[in-house]
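Peer 1: The primary structure of each chain is shown beneath.
Number of protein chains: 6
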Amino acid sequence: MAVVVQNIERADQSVIDRLAACGVATVHEAQGRKGLLASYMRPIYPGARLAASAVTISAPPGDNWMLHVAIEQLKAGDILLLAPTSPCEDGYFGDLLATSAQARGCKGLIIDAGVRDVVDLTQMKFPVWSKAVYAQGTVKETLGSVNIPVVCAGAYVRPGDVIVADDDGVCVVAREEAEAVANKAEARVAAEEDKRKRLAAGELGLDIYDMRGKLAEKGLKYI
Amino acid sequence: MAVVVQNIERADQSVIDRLAACGVATVHEAQGRKGLLASYMRPIYPGARLAASAVTISAPPGDNWMLHVAIEQLKAGDILLLAPTSPCEDGYFGDLLATSAQARGCKGLIIDAGVRDVVDLTQMKFPVWSKAVYAQGTVKETLGSVNIPVVCAGAYVRPGDVIVADDDGVCVVAREEAEAVANKAEARVAAEEDKRKRLAAGELGLDIYDMRGKLAEKGLKYI
Amino acid sequence: MAVVVQNIERADQSVIDRLAACGVATVHEAQGRKGLLASYMRPIYPGARLAASAVTISAPPGDNWMLHVAIEQLKAGDILLLAPTSPCEDGYFGDLLATSAQARGCKGLIIDAGVRDVVDLTQMKFPVWSKAVYAQGTVKETLGSVNIPVVCAGAYVRPGDVIVADDDGVCVVAREEAEAVANKAEARVAAEEDKRKRLAAGELGLDIYDMRGKLAEKGLKYI
Amino acid sequence: MAVVVQNIERADQSVIDRLAACGVATVHEAQGRKGLLASYMRPIYPGARLAASAVTISAPPGDNWMLHVAIEQLKAGDILLLAPTSPCEDGYFGDLLATSAQARGCKGLIIDAGVRDVVDLTQMKFPVWSKAVYAQGTVKETLGSVNIPVVCAGAYVRPGDVIVADDDGVCVVAREEAEAVANKAEARVAAEEDKRKRLAAGELGLDIYDMRGKLAEKGLKYI
Amino acid sequence: MAVVVQNIERADQSVIDRLAACGVATVHEAQGRKGLLASYMRPIYPGARLAASAVTISAPPGDNWMLHVAIEQLKAGDILLLAPTSPCEDGYFGDLLATSAQARGCKGLIIDAGVRDVVDLTQMKFPVWSKAVYAQGTVKETLGSVNIPVVCAGAYVRPGDVIVADDDGVCVVAREEAEAVANKAEARVAAEEDKRKRLAAGELGLDIYDMRGKLAEKGLKYI
Amino acid sequence: MAVVVQNIERADQSVIDRLAACGVATVHEAQGRKGLLASYMRPIYPGARLAASAVTISAPPGDNWMLHVAIEQLKAGDILLLAPTSPCEDGYFGDLLATSAQARGCKGLIIDAGVRDVVDLTQMKFPVWSKAVYAQGTVKETLGSVNIPVVCAGAYVRPGDVIVADDDGVCVVAREEAEAVANKAEARVAAEEDKRKRLAAGELGLDIYDMRGKLAEKGLKYI
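Chains as they are written, first to last, in my numbering: chain A, 1 to 223; chain B, 224 to 446; chain C, 447 to 669; chain D, 670 to 892; chain E, 893 to 1115; chain F, 1116 to 1338.
These aren't lab readings, by the way, just hints derived from the structure by calculation.
Backbone N, C-alpha and C define an ideal beta-carbon position, used for all residues, glycine too.
Some hints could be false.
Claimed, not checked - Reference listing, derived: stretches of chain A covered by chain E, where coverage requires no fewer than 3 residues with Cβ under 8 angstroms from a Cβ of chain E:
| no. | region |
| --- | --- |
| 1 | 69–77 |
| 2 | 151–157 |
Claimed, not checked - Derived lysine-lysine pairs resembling DSSO-like cross-links, with alpha carbons at most 27 angstroms apart:
| no. | chain 1 | residue 1 | chain 2 | residue 2 |
| --- | --- | --- | --- | --- |
| 3 | A | LYS214 | E | LYS1032 |
| 4 | D | LYS703 | D | LYS864 |
| 5 | F | LYS1299 | F | LYS1312 |
| 6 | E | LYS1076 | C | LYS664 |
| 7 | A | LYS75 | C | LYS664 |
Next up, chain A with everything else stripped away, as it sits in the complex (with noise of 0.2 angstroms):
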């Protein structure tokens, strides 16, 4: 049952660029807002912002051996992403495997579980999306699997998955449809920036979206 899956696909690099240029927020809603990671996911510092291909680790509560394991199935420009299989919040990972992965080329981490060693990291510029802060110690004692889908903070993602991460915090686009996303989401940028414009103006989104008459409509009472 312990696999550890060496071939992924991943989306094109280009695509992968675009995602991380529109961000969480708008991708998120270009695909129709599915994907989301669960709010608890929190940056360790302010300001990342990348999208990557995920490598993804479904490991068992408090050992990370696996995590030793994936790095050697990363491809430069891929991000860690760790599933534990029951609720953790035990720092699975920290400046030494920042620095193993790191070296590999590895973009940072979304992990459903702790981190530590969180001043190492920043320094680094190792960006960990994570749901705790917490020194706890892990042994290395049970397998897990690499490369297979897991649940991840409430989403579903298979290895090779997209994951957008910035402040709002963490989405998942699936492969196949990281191009078609990319390309609803720069849509959306171009969109909002007139309505940018013309709310910053002064105009109120009432009359720019047309809502008087079906508020309404609704019943909507002014008194």
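Use these hints to put chains B, C, D, E and F onto chain A, whose structure you have.
Peer 2: For chains B, C, D, E and F alone, kept in the frame of chain A given last:
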């Protein structure tokens, strides 16, 4: 049942400014330790401090339609305050709504739910105190109300009440009590100055507040 | 039952300083992965790192009287540690108490409850690790104890034990074990240096730690 | 600031009884989906259903003194409702207070905190809806108020408002609206009877409520 | 994006019945310790045990429209399973919907949100495993989907997968694996019988499972 | 570091029985309101009440190996008490372990984690107070310790301390203090009898405890 109250009374701007200068902890003490919102209401960036008149919003979970309605009701110097009708952490508010609100003179947002686009809001210096940062999008289908009394994060807030917010959290002051509270709060600030100097010089609270006798009487034993 | 223990033993200052230099995650590992406080204990500002002898406080919910009593018991280099007798997030501590504590040489506060005036505390460089930031005021009516053993955020702490705290959280080291733990922690730091270099050069943990055989033996399949 | 309001108005007993008969879910719907207390307010034993006039209590965390004060204010058929001034789960109430309250005709307790002696309370058939079952004792040191408006578990409750409680939770009905709400609630009950029969016979809500057209119009696709 | 998939495959009824007989804990173990829903999913009354094919529902927060749509898709012996698109504990489901579902042969409901009318549902013997009991009403405004894959309480569920539920919680078994899992689960039950007898007679697991050598080898010291 | 302490001292059985008769709330009060475990520790079925000597277990998250080791250390009348080394709700314990423990005379389990097979445990009348009911399986790979002091659900427990548990929760009494606490607890029970009668007859606590003067002195106003 869905109403927009268009004319609300506000406290005097000079009183509002005096409350802002005193800060949340002092204002809360000055009014008899009441009016605090729950501790989970955190600012999206550190360092903001303000006081403003509340334009209140009661909205269904996952539906931000009434924010558009509320923005029209803003006067310069107001703050938006949204309470969902059941617990929700969706991202009701982002950079476009903030642009619109800011164009109308709005000073910020208090929301017992989620917010998104926090990088943009930080750059715009549009402060938000929220329950969550969450990119989850919302719909515009169901009416709510604007400028009715609401319970927001455990505090009862009426339209036009004064909201004081800083890094310690959020406090509401009843409009009619705002001036009296400002007077008491300023008196506290003044009184604390002297105590701070004595404490900084090494005097003990035990002596300044004359506590030793009462402690002994209650039965405290030194061993 | 309410007592103040006036003379407590402390670890050697040089040992305390060595523990501070190693940091929470290393110290926690060095002492066999024990002594961590719960992950909800977060610093009010990033970047503080310290070790200090605990002056412990057991206090009723919503009553900060014993903090005044405890401050008199501080020696320079100590840290205050407060555990409420039932769960509470009220703001027991603010800028006046911090001024007093700092004047007595206190290095910070660990509190399984709330803190307020965090802007002031940050400016004073008075670090606090707490369960909540909450302006809620407290009373001075009911006795507690100072310098008795307490359970704080899930860890057992006796007066004079060494508290190590940084951005990863808070760890307690038994006073009698402090020197042995410092020795082991420093050995860990030294040993990690070599590993960090090899990992940074692209060597894999799988090889450095010779894991491949054990993984295969446990049944890990590469596909 | 600490007051006991001795004369409060109550709704008509016959109206209160009619609300009890309708139950929480129906009453909540009948008054426009407002007034529900948080879902964490759970009964200590299943099967109780009641409606009663609220005698409200605002009490400090961990201090049950005002319960003794409030019991004197009870009239037969009332219910006690306690909101702590900050979050607390201590056991404010046990079998002795229940004996006293029951002797005064009190029908139960709503408490946004803890309760204890639940075996005794169950035997006494004294129902309690609480946030926690917790044996933690409380003190009698600090005043609060009786029969002032409070926010209890997220709902605004004024003395004399009608509390409806059953296994679905707790709902408050404004005293002035009690009769109108009872009328609407009974109408709902009557209307539901017909629907229940049709649904039990296998008719679909899609047809009974004529939803198919609107679903298609919104874009629902059957595949 | 809003779709209703009308024809789904289901596992064999005989296999489903065998899984029900084994119960959640055994089935979860038999399939390699995967597929459990979160521990907060609790039954509204004790003693129910079932297995059934999932008719899945993805619904917006606070909107139960798609439940009406889903009921039409039920075949006798199915179970409804609802996952909201963002965290929500509103009461999507009550006695009328249960009457309708039961009339169509539905065996129960799994809902990562709230349920109401629990007294009626208990009397009807309509079991529900939910995140909350909450009377909060919902609207019928926004589309969702029926019979698409969802993440429900942390588990990935596809339409037609087998849901096993009892007082220990809820587990999902992939439809294609149902028979193999049933075989393994029954083998576990059989194997446990012998162990239960030996343990009941006072033999120790340490001896039955031959653990003493491995414990000593790992370094366990008896003192 | 992993040890099994084989000989522990226990309190006198007659004292243990007297504590059981008094129950959790009374014992907790009698020993000065200390020793309570967190309110999230709930019984798997109502109505159990016991006192017993603790055989303590410190175990890694998701690893139940040490339960097998601990069962060998049980004497008739003991109770197992397990504290994980980091937060965990996995199901460490089920019907087979209960069968084994019960065969050795064990009276129940206190576990700051999860339990499963609750239907069987209820039928066996094997009471458990736990943080969660969760079928999640565990491994047997990493050592822990038996009969060392632990922090369990916020309380410090040493092997041989007396655990008192009923529907109000769980309380620990230090072995050396057990007799004194039993004396005080029985005195409380006796004293309460008289008060209960007077309260049942309608006398007020305000009068029985002579509170009116102190309330007035503190400033309570009747209006």
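Peer 1: Hint by hint, note whether the structure agrees.
Peer 2: Evaluated hints:
no. : hint                  : verdict
1   : 69–77                 : violated (count 0)
2   : 151–157               : holds (count 4)
3   : A:LYS214 / E:LYS1032  : 16 angstroms, holds
4   : D:LYS703 / D:LYS864   : 24 angstroms, holds
5   : F:LYS1299 / F:LYS1312 : 21 angstroms, holds
6   : E:LYS1076 / C:LYS664  : 21 angstroms, holds
7   : A:LYS75 / C:LYS664    : 26 angstroms, holds
In summary, the structure is inconsistent with hint 1 from the numbered list given earlier, while agreeing with all the others.
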